[in-house]
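Engineer: Modelling step: build the complete structure from the supplied sequences, incorporating the hints.
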Amino acid sequence: MVPLELPSTTETPDESPSETENNGPRLRLNAVGKQYGDFWGVRDVSLDIEPGVLGLLGPNGAGKSTLMRLITTYLAPTEGTIFFNETDVVSSPNTLRKNVGYLPQDFGVYPDLTAEEFLSYLAAIRGLKRGEAHERIDDLLTLTNLHEARNRRLGSFSGGMRQRVGIAQALLTDPDLLVVDEPTVGLDPAERVRFRNVLSSLGDDRIVILSTHIVSDVEATATDVAVLADGQVCAHTTPEQLLAEVTDCVWEVVVSQDDLQSLKSNYLTSTTTRRSNGVHARIVTEGDPPEDATPVSPTLEEAYLDLLDGSDTTVSGENA
Amino acid sequence: MTGIRGVVHVAIADLRQRLRSPKYLVIPVLIAVFAQSLTADTTQLVVAGEYTGVQNAAWFGGMIATMGTFLLFVFGFTLVRGAVTRERETGVGELVATSPISAGRYLVGRWLGYLFLLTLVTVLLILATVAAYALHGTGSFDFWALASPFMFLTLPAMALVAAVAVLTETVQPLQRTAGSVIYFFAAVAIFTITSLGSSVTYGPTGLAIVRNSMVEAAGADPSVFENRSFAFTGDPGSVTTFTWNGIDWGAPELLSRGPTLAATCLGLLVAVVAFDRFEPSRSIIQRITGTLIGSGESQSEKDSTADQPALADAESRDIAEITLQSVTQRPSRLPDRRMLTAEIRMALRGQQWWWYLGIVGCIGAGQFAPVDTARGIVLPVAWLFGLSVWAGLGVREQRFRTSELVFTTPYPLRQLAAAYLGGVSVAIVSGSGVLTALMLAGKFTTVGAVVIGACFVPALALASGIWLGTSRVFEVLFLSLWYLGPMNAVYSLDFMATHPETVTQGTPVWVATATVVLVIAAVVGRSREIQH
Chain V
1 MVPLELPSTT ETPDESPSET ENNGPRLRLN AVGKQYGDFW GVRDVSLDIE PGVLGLLGPN
61 GAGKSTLMRL ITTYLAPTEG TIFFNETDVV SSPNTLRKNV GYLPQDFGVY PDLTAEEFLS
121 YLAAIRGLKR GEAHERIDDL LTLTNLHEAR NRRLGSFSGG MRQRVGIAQA LLTDPDLLVV
181 DEPTVGLDPA ERVRFRNVLS SLGDDRIVIL STHIVSDVEA TATDVAVLAD GQVCAHTTPE
241 QLLAEVTDCV WEVVVSQDDL QSLKSNYLTS TTTRRSNGVH ARIVTEGDPP EDATPVSPTL
301 EEAYLDLLDG SDTTVSGENA
Chain P
321 MTGIRGVVHV AIADLRQRLR SPKYLVIPVL IAVFAQSLTA DTTQLVVAGE YTGVQNAAWF
381 GGMIATMGTF LLFVFGFTLV RGAVTRERET GVGELVATSP ISAGRYLVGR WLGYLFLLTL
441 VTVLLILATV AAYALHGTGS FDFWALASPF MFLTLPAMAL VAAVAVLTET VQPLQRTAGS
501 VIYFFAAVAI FTITSLGSSV TYGPTGLAIV RNSMVEAAGA DPSVFENRSF AFTGDPGSVT
561 TFTWNGIDWG APELLSRGPT LAATCLGLLV AVVAFDRFEP SRSIIQRITG TLIGSGESQS
621 EKDSTADQPA LADAESRDIA EITLQSVTQR PSRLPDRRML TAEIRMALRG QQWWWYLGIV
681 GCIGAGQFAP VDTARGIVLP VAWLFGLSVW AGLGVREQRF RTSELVFTTP YPLRQLAAAY
741 LGGVSVAIVS GSGVLTALML AGKFTTVGAV VIGACFVPAL ALASGIWLGT SRVFEVLFLS
801 LWYLGPMNAV YSLDFMATHP ETVTQGTPVW VATATVVLVI AAVVGRSREI QH
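Chains as they are written, first to last, in the numbering used here: chain V, 1 to 320; chain P, 321 to 852.
Treat the hints loosely; a few may be bogus.
Stated by the list, open to error - Some residues of chain V that are not near chain P, with every Cβ distance over 10 Å (derived): (1) 40; (2) 48; (3) 87; (4) 122; (5) 136; (6) 142; (7) 186; (8) 215; (9) 232; (10) 240; (11) 251; (12) 255; (13) 278; (14) 293; (15) 294; (16) 301.
Claimed, not checked - Listed next, the stretches of chain V that the computed footprint assigns to chain P, with coverage defined by at least 3 CB atoms under 8 Å from CB atoms of chain P: (17) 71 to 85; (18) 97 to 111; (19) 170 to 182.
No lab work stands behind these hints: they were computed from the structure. Beta carbons: idealized from backbone N, C-alpha and C, even for Gly.
Structural biologist: Right, dumping it as structure tokens:
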């Protein structure tokens, strides 16, 4: 696939994000924690992130959205430090804000504005020049397949279309750091694949942080994976290394409907598929599989489930 | 039984949601201050121009009940309104619309929730009155005489307030600022006509019942116009003291509440008919027909977006064919012209054609009317048009859940500055006719005072919106100041300098000081929002 052409943002001389041309942007989190009352949303999170797509996985309530908000400066950490290109973003949040594109998990739009007007408004408050913003918005509306709907009010948009507007606004400034929280929610399969391709292309020369529950999205796009559980990082590695952890541990078993429950109670079961000869179940086990089990290639989802199943262990890859 | 349970649960859910907000803690504080200020020696209630009562339990009850009922009648609407709107905006409405609860039960539940809250406030008023009696009262403690005016006068009035609040949330044109404006003026007008202008007792606040009883106890004739005076004053002059032991509640007094309760029922009925069940595409005719033939509970099968043509481009282009144009970010710490234009466009979005016509009319009238008329009438009317624009300041990001998009932009405080300057611009432009006339007349001091007022109003809107998360408080504050200052010549509150005395008394200095304080409060509040 020919990569999407995304020229780098031109910065005015007086505002100098300290990205160096040779190294690309870099984001470092050191022992970051965020406390809400007595509850820690995330705690002791340390990550060193370089250009590429980082897939952030974790169960509900693991702290993924909190971490996204901390990275984008929407929240201030209770403890720890966040550095973007060696600048402390807690004390100098605007350094990061000039370079970040953010798609929150739950965001709203102004329903009386059209898609184009909404993007123009956000471009204005981000300091984009009028003419450049106009062309950029035109391209982004094409990229997100909203060109025909550009003059319709957002109040009449479906959930998927609104999500695409969110994606477009995240790319308005051609950011060095793109943070997208559940970006493919509400998208139809074709749009989902299209957006995954966009993310892959973007990750060539910038940092893309993709938080999602859809492991296949991470599998298709991510160069690194971080898994969060109970507000803490339990793995930061490559998809290949995560998969290597469950090599020879995934099996397919064909069982009757009656025996399925017993199988599920004895083994970590990732998927079940009904067929004419019974239920085909994929199980993950480091021990002995059932007698008639056949080995199969693991998926990232199975590696992820296995990791969460025994989340006492921490997996660290070369980049961790 | 299930129906009643559903109604009660709707009501209790609303009450729980509200009472868990720390903002409501201000209510008991305000009530305590209110009761103390009315019952302290510095303030006296004088009826029929020359009589005041012995400060017994009945007198305290009647005094605080009448004033409290009036204030709750005018401002209670702002306090309670918003639950239906909140469900419309948060999407909870869709869950309600697809549940089996009928529109009638749902709205009665909402009304009951509002009434619960207003009843709670009334109970706090009674407790504050008891405390005030313990501190300042004399004579034996007669709880019935103290509390009965609250029960028979305040509570029916609150039932009406709650019903009108529900009604304005179901009639689309009244759902926002227009509802607040119309209610405020209607409440003040109804109170003035039925309570101050007549000795007939059917007015919604029941002030005439208390006043007639007091005037009779003082030995005067309550039907005489001069004896309808009912004034709280710090300088009563020479007054005769009499003893009032409370209202003798008979059938005429109790039946006088009938019209208020009937109006409550009528309001709820109209609300049920007008309610779109969170499905705005149905016309009012369809809703009325549906309600009358009993099909009002079903959601229209057409989703608001379902009848739109397919929206994705027929032939989506491969992403490899798309080249995004490079962009130059020039974020500065101060808002530029482009940002200011964007904020003004955003603020004006959704205004109807008649709004622009009204503004143009005010600009023209301000220029061509006699300068005193322009200043005293045209300017207040012009700024009344601006209310719907200012009401959105400070709350828009929260209301439309765009905070994370807006507050993660570079120098997000400049967006606040642009929004503020946009609000000032609306005040200046709508009052430009009057300002031109004042300049031509050489009244430059007044021009300065009006400009200060133009800076004050958006500052008030921003600060209250950011800190309280609702535009309703600003709306009622603005309307109260507008009514008392410019319209009723309370010079210390005349923030737009419509009276010559306002300038000579130095009010603009205080308005300017308040503006600075409010701008600082808005900046501090927004800074908190930007980085939690």
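Engineer: Hey, is residue 48 of chain V genuinely clear of chain P, shortest beta carbon separation above 10 Å?
Structural biologist: 22 Å, holds
Engineer: Mind verifying the non-interface call on residue 232 of chain V? Its CB should be farther than 10 Å from each CB in chain P.
Structural biologist: The assertion about residue 232 of chain V holds, with a minimum of 21 Å to chain P.
Engineer: Between the region 170 to 182 of chain V and chain P, see if three or more residues pass the 8 Å beta-carbon test, and mark the coverage as holds or violated.
Structural biologist: That given contact holds, which follows from 4 residues of the region 170 to 182 of chain V lying within Cβ reach (below 8 Å) of chain P.
Engineer: Against chain P, does residue 186 of chain V hold up as non-interface, every C-beta pair farther apart than 10 Å?
Structural biologist: The assertion about residue 186 of chain V holds, with a minimum of 13 Å to chain P.
Engineer: Taking beta carbons only, do three or more residues of the region 71 to 85 of chain V come closer than 8 Å to chain P?
Structural biologist: holds (count 5)
Engineer: Minimum Cβ separation between residue 40 of chain V and chain P greater than 10 Å?
Structural biologist: Since the minimum Cβ distance to chain P is about 15 Å, residue 40 of chain V lies beyond 10 Å and the statement holds.
Engineer: Does residue 293 of chain V really sit off the interface, with its C-beta more than 10 Å from all C-beta atoms of chain P?
Structural biologist: The claim holds: residue 293 of chain V sits with its nearest Cβ about 41 Å from chain P, beyond 10 Å.
Engineer: Measuring Cβ to Cβ, find out whether residue 255 of chain V lies farther than 10 Å from everything in chain P.
Structural biologist: 39 Å, holds
Engineer: Is the nearest CB of chain P more than 10 Å from the CB of residue 142 of chain V?
Structural biologist: 6 Å, violated
Engineer: With d taken as the least Cβ-Cβ distance between residue 240 of chain V and chain P, does d exceed 10 Å?
Structural biologist: Per Cβ check, residue 240 of chain V is outside 10 Å of chain P; nearest 26 Å; holds.
Engineer: Regarding the assertion that residue 278 of chain V does not contact chain P, is the least Cβ-Cβ distance greater than 10 Å?
Structural biologist: The claim stands: residue 278 of chain V keeps its Cβ more than 10 Å from every Cβ of chain P (closest is about 38 Å).
Engineer: If we take the beta carbon of residue 136 of chain V, is the closest beta carbon in chain P still more than 10 Å away?
Structural biologist: Non-interface label fails for residue 136 of chain V: nearest chain P Cβ at 5 Å, not farther than 10 Å.
Comparing the model with each numbered hint stated earlier shows that hints 4, 5, 6 do not hold.
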